[in-house]
Amino acid sequence: MTKPLIIGVAGGSGSGKTTVVSTISKTLGANKHLLLQHDSYYRDLKHLPFEERIKHNFDHPASLETELLIRHINALVEGYPIEVPRYDFANHIRKEETTSVTPKEVILIDGILIFSEPELLELMDVKIFVDTDDDIRLLRRLKRDINERGRSVESVMEQYQKFVRPMHLEFVQPSKRYADVIIPRGGKNKVALDMVLALINEKLSTRQ
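Take the sequence shown: its position 39, counted from the start at 1, is 53 in our numbering, and no numbers get skipped.
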(Lines of atoms letter the chains of each structure in order from A and count residues from 1; the text may use other names and numbers.)
(Lines give C-alpha, C1' and ligand atoms only; values in the text may rest on other atoms or scores of the structure.)
Protein backbone atom coordinates (compact mmCIF):
# COMPACT_ATOMS: atom_id res chain seq x y z
CA MET A 1 0.00 0.00 0.00
CA THR A 2 1.30 3.45 -0.95
CA LYS A 3 1.76 5.78 2.01
CA PRO A 4 -1.12 8.27 2.21
CA LEU A 5 -0.49 11.91 1.37
CA ILE A 6 -0.95 13.81 4.64
CA ILE A 7 -2.12 17.43 4.35
CA GLY A 8 -2.39 19.79 7.32
CA VAL A 9 -4.60 22.89 7.22
CA ALA A 10 -4.02 25.33 10.10
CA GLY A 11 -4.87 28.95 10.90
CA GLY A 12 -6.66 30.97 13.53
CA SER A 13 -10.19 30.26 14.67
CA GLY A 14 -12.58 31.59 12.01
CA SER A 15 -9.82 32.05 9.43
CA GLY A 16 -11.59 30.07 6.72
CA LYS A 17 -9.96 26.67 7.25
CA THR A 18 -13.29 24.92 6.79
CA THR A 19 -13.76 26.53 3.36
CA VAL A 20 -10.25 25.54 2.29
CA VAL A 21 -10.70 21.98 3.57
CA SER A 22 -14.10 21.74 1.87
CA THR A 23 -12.62 22.87 -1.46
CA ILE A 24 -9.82 20.31 -1.21
CA SER A 25 -12.31 17.61 -0.18
CA LYS A 26 -14.67 18.27 -3.09
CA THR A 27 -11.79 18.25 -5.55
CA LEU A 28 -10.38 14.96 -4.27
CA GLY A 29 -13.72 13.19 -3.87
CA ALA A 30 -15.05 11.16 -0.94
CA ASN A 31 -13.42 7.90 -2.04
CA LYS A 32 -9.95 9.39 -2.14
CA HIS A 33 -9.60 11.22 1.18
CA LEU A 34 -10.54 11.29 4.85
CA LEU A 35 -10.70 14.24 7.24
CA LEU A 36 -9.43 14.32 10.82
CA GLN A 37 -10.35 17.41 12.83
CA HIS A 38 -8.16 18.27 15.80
CA ASP A 39 -11.31 19.54 17.57
CA SER A 40 -12.54 15.94 17.79
CA TYR A 41 -9.65 15.18 20.12
CA TYR A 42 -10.47 17.62 22.91
CA ARG A 43 -9.81 15.97 26.26
CA ASP A 44 -12.86 14.67 28.10
CA LEU A 45 -13.85 17.01 30.95
CA LYS A 46 -16.77 15.01 32.31
CA HIS A 47 -14.90 14.58 35.62
CA LEU A 48 -15.31 18.33 36.21
CA PRO A 49 -18.54 20.15 37.13
CA PHE A 50 -20.02 22.15 34.25
CA GLU A 51 -19.10 25.44 35.94
CA GLU A 52 -15.44 24.41 35.80
CA ARG A 53 -15.61 23.10 32.23
CA ILE A 54 -16.77 26.43 30.82
CA LYS A 55 -13.74 28.15 32.38
CA HIS A 56 -11.31 25.76 30.66
CA ASN A 57 -8.74 27.10 28.19
CA PHE A 58 -9.68 25.24 25.00
CA ASP A 59 -7.15 27.19 22.92
CA HIS A 60 -4.05 25.80 24.65
CA PRO A 61 -2.33 22.74 23.12
CA ALA A 62 -2.71 20.85 26.42
CA SER A 63 -6.52 20.87 26.00
CA LEU A 64 -6.24 18.43 23.09
CA GLU A 65 -5.30 14.75 23.15
CA THR A 66 -2.85 15.17 20.28
CA GLU A 67 -1.00 11.99 21.21
CA LEU A 68 -4.15 10.01 20.32
CA LEU A 69 -4.47 11.85 16.99
CA ILE A 70 -0.84 10.96 16.21
CA ARG A 71 -1.47 7.29 17.04
CA HIS A 72 -4.55 7.33 14.82
CA ILE A 73 -2.65 8.84 11.87
CA ASN A 74 0.12 6.27 12.24
CA ALA A 75 -2.49 3.49 12.33
CA LEU A 76 -4.09 4.78 9.12
CA VAL A 77 -0.68 4.96 7.45
CA GLU A 78 -0.18 1.29 8.40
CA GLY A 79 -3.54 0.43 6.85
CA TYR A 80 -5.65 0.03 9.99
CA PRO A 81 -9.08 1.59 10.64
CA ILE A 82 -9.57 3.92 13.61
CA GLU A 83 -12.35 5.11 15.91
CA VAL A 84 -12.37 8.92 16.04
CA PRO A 85 -13.77 10.54 19.21
CA ARG A 86 -16.88 12.71 18.99
CA TYR A 87 -17.06 15.84 21.13
CA ASP A 88 -20.05 17.61 22.68
CA PHE A 89 -19.11 21.30 22.39
CA ALA A 90 -22.12 22.55 24.35
CA ASN A 91 -21.31 20.46 27.44
CA HIS A 92 -17.53 20.15 26.89
CA ILE A 93 -17.44 16.36 27.18
CA ARG A 94 -16.50 13.51 24.89
CA LYS A 95 -19.47 11.51 23.62
CA GLU A 96 -19.74 7.76 24.15
CA GLU A 97 -20.07 7.04 20.42
CA THR A 98 -17.16 7.29 17.99
CA THR A 99 -16.82 7.62 14.20
CA SER A 100 -15.28 4.73 12.27
CA VAL A 101 -12.67 5.84 9.72
CA THR A 102 -10.86 3.62 7.23
CA PRO A 103 -7.57 4.39 5.42
CA LYS A 104 -7.68 6.49 2.25
CA GLU A 105 -5.16 7.84 -0.25
CA VAL A 106 -5.18 11.32 1.32
CA ILE A 107 -5.41 12.27 5.01
CA LEU A 108 -6.60 15.84 5.66
CA ILE A 109 -5.90 17.26 9.14
CA ASP A 110 -7.69 20.43 10.21
CA GLY A 111 -7.00 22.45 13.36
CA ILE A 112 -5.75 25.75 14.76
CA LEU A 113 -2.89 24.15 16.71
CA ILE A 114 -1.69 21.35 14.44
CA PHE A 115 1.49 23.21 13.43
CA SER A 116 2.43 23.89 17.06
CA GLU A 117 2.93 20.17 17.79
CA PRO A 118 6.37 19.04 16.46
CA GLU A 119 5.57 15.30 16.36
CA LEU A 120 2.33 15.94 14.48
CA LEU A 121 4.00 18.45 12.16
CA GLU A 122 6.58 15.85 11.11
CA LEU A 123 3.85 13.57 9.76
CA MET A 124 2.59 16.13 7.23
CA ASP A 125 3.63 16.18 3.57
CA VAL A 126 1.87 19.47 2.77
CA LYS A 127 1.29 22.24 5.32
CA ILE A 128 -1.22 25.01 4.56
CA PHE A 129 -1.84 28.05 6.79
CA VAL A 130 -5.02 30.08 6.28
CA ASP A 131 -4.40 33.72 7.23
CA THR A 132 -7.30 36.13 7.85
CA ASP A 133 -7.70 39.48 9.66
CA ASP A 134 -8.56 39.29 13.38
CA ASP A 135 -11.88 41.16 13.16
CA ILE A 136 -13.18 38.85 10.43
CA ARG A 137 -12.11 35.78 12.40
CA LEU A 138 -13.91 37.04 15.53
CA LEU A 139 -17.18 37.60 13.65
CA ARG A 140 -16.99 34.13 12.13
CA ARG A 141 -16.25 32.55 15.50
CA LEU A 142 -19.23 34.34 17.07
CA LYS A 143 -21.55 33.07 14.35
CA ARG A 144 -20.20 29.50 14.54
CA ASP A 145 -20.19 29.12 18.32
CA ILE A 146 -23.68 30.61 18.73
CA ASN A 147 -25.34 28.76 15.84
CA GLU A 148 -23.47 25.45 15.90
CA ARG A 149 -22.25 25.02 19.47
CA GLY A 150 -25.09 26.48 21.50
CA ARG A 151 -23.03 29.26 23.08
CA SER A 152 -24.13 32.74 24.19
CA VAL A 153 -22.62 35.98 22.82
CA GLU A 154 -21.30 36.84 26.30
CA SER A 155 -19.54 33.50 26.79
CA VAL A 156 -17.95 33.62 23.33
CA MET A 157 -16.64 37.16 23.85
CA GLU A 158 -15.31 36.35 27.32
CA GLN A 159 -13.52 33.28 25.99
CA TYR A 160 -12.10 35.26 23.08
CA GLN A 161 -10.62 37.97 25.30
CA LYS A 162 -9.35 35.62 27.99
CA PHE A 163 -8.08 32.69 25.94
CA VAL A 164 -8.56 32.81 22.16
CA ARG A 165 -6.61 35.95 21.32
CA PRO A 166 -3.72 35.37 23.79
CA MET A 167 -3.31 31.74 22.67
CA HIS A 168 -3.50 32.77 19.02
CA LEU A 169 -0.60 35.17 19.55
CA GLU A 170 1.39 32.64 21.58
CA PHE A 171 0.85 29.44 19.59
CA VAL A 172 -1.11 29.81 16.34
CA GLN A 173 0.41 32.86 14.66
CA PRO A 174 4.05 31.79 15.32
CA SER A 175 3.32 28.36 13.81
CA LYS A 176 2.68 30.03 10.43
CA ARG A 177 6.43 29.85 9.76
CA TYR A 178 6.15 26.07 9.31
CA ALA A 179 3.67 26.35 6.43
CA ASP A 180 4.57 25.39 2.87
CA VAL A 181 1.73 27.58 1.58
CA ILE A 182 0.06 30.59 3.23
CA ILE A 183 -3.41 31.54 1.99
CA PRO A 184 -4.26 35.20 2.68
CA ARG A 185 -7.96 36.18 2.98
CA GLY A 186 -9.03 32.63 3.75
CA GLY A 187 -11.19 30.51 1.48
CA LYS A 188 -12.12 33.45 -0.78
CA ASN A 189 -8.63 33.53 -2.30
CA LYS A 190 -9.29 31.51 -5.47
CA VAL A 191 -5.80 32.03 -6.92
CA ALA A 192 -4.15 30.64 -3.79
CA LEU A 193 -6.62 27.76 -3.63
CA ASP A 194 -5.90 26.84 -7.24
CA MET A 195 -2.18 26.81 -6.42
CA VAL A 196 -2.82 24.53 -3.44
CA LEU A 197 -4.88 22.13 -5.54
CA ALA A 198 -2.16 22.05 -8.20
CA LEU A 199 0.45 21.26 -5.53
CA ILE A 200 -1.67 18.43 -4.13
CA ASN A 201 -2.23 16.94 -7.59
CA GLU A 202 1.50 17.12 -8.26
CA LYS A 203 2.27 15.34 -4.98
CA LEU A 204 -0.29 12.64 -5.74
CA SER A 205 0.99 12.07 -9.28
CA THR A 206 4.49 11.35 -8.00
CA ARG A 207 3.09 8.63 -5.71
CA GLN A 208 1.46 6.59 -8.46
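One or more hints might be untrue.
What the hints assert, rightly or not - Here are the simulated DSBU-like pairs of lysine-lysine, each with C-alpha atoms no more than 35 angstroms apart in a straight line:
1. Lys46 / Lys204
2. Lys176 / Lys217
3. Lys204 / Lys60
4. Lys46 / Lys157
5. Lys17 / Lys109
6. Lys157 / Lys204
7. Lys204 / Lys176
8. Lys118 / Lys17
9. Lys69 / Lys157
10. Lys176 / Lys202
11. Lys118 / Lys176
12. Lys190 / Lys176
13. Lys118 / Lys204
14. Lys202 / Lys17
I should point out that these hints are in silico values taken from the structure, not numbers from a laboratory.
Results for each hint:
Annotation: proposed proximity of Lys46 to Lys204 holds, straight-line Cα distance about 22 angstroms (limit 35 angstroms). Straight-line distance between C-alpha atoms of Lys176 and Lys217 comes to about 40 angstroms, which puts the hinted pair past the 35 angstroms bound. In summary, the hint linking Lys204 to Lys60 is not supported, as the alpha carbons are separated by about 42 angstroms, beyond the 35 angstroms threshold. Between Lys46 and Lys157, the direct Cα distance comes to roughly 31 angstroms. Compliance with the 35 angstroms bound is thereby established for this hinted pair.
Simply put, Lys17 and Lys109 have alpha-carbon atoms about 31 angstroms apart, close enough for the 35 angstroms limit, and the pair holds. Distance restraint check for Lys157 and Lys204: the Cα-Cα separation of roughly 23 angstroms lies within the 35 angstroms cut-off, and the hinted pair is therefore satisfied. Straight-line distance between C-alpha atoms of Lys204 and Lys176 comes to about 34 angstroms, which keeps the hinted pair within the 35 angstroms bound. A hinted pair counts as satisfied when its Cα atoms are at most 35 angstroms apart, and Lys118 with Lys17 qualifies at roughly 9 angstroms.
Under the criterion of a C-alpha separation no larger than 35 angstroms, the hint pairing Lys69 with Lys157 is consistent with the structure, at around 20 angstroms. Pair hint Lys176 plus Lys202 holds up; C-alpha atoms about 29 angstroms apart against a cutoff of 35 angstroms. A distance of roughly 39 angstroms separates the Cα atoms of Lys118 and Lys176; the hinted pair therefore is violated under the 35 angstroms criterion. Simply put, Lys190 and Lys176 have alpha-carbon atoms about 22 angstroms apart, close enough for the 35 angstroms limit, and the pair holds.
Simply put, Lys118 and Lys204 have alpha-carbon atoms about 26 angstroms apart, close enough for the 35 angstroms limit, and the pair holds. For the hint linking Lys202 to Lys17, the alpha-carbon distance of about 31 angstroms falls within 35 angstroms, and the restraint holds.
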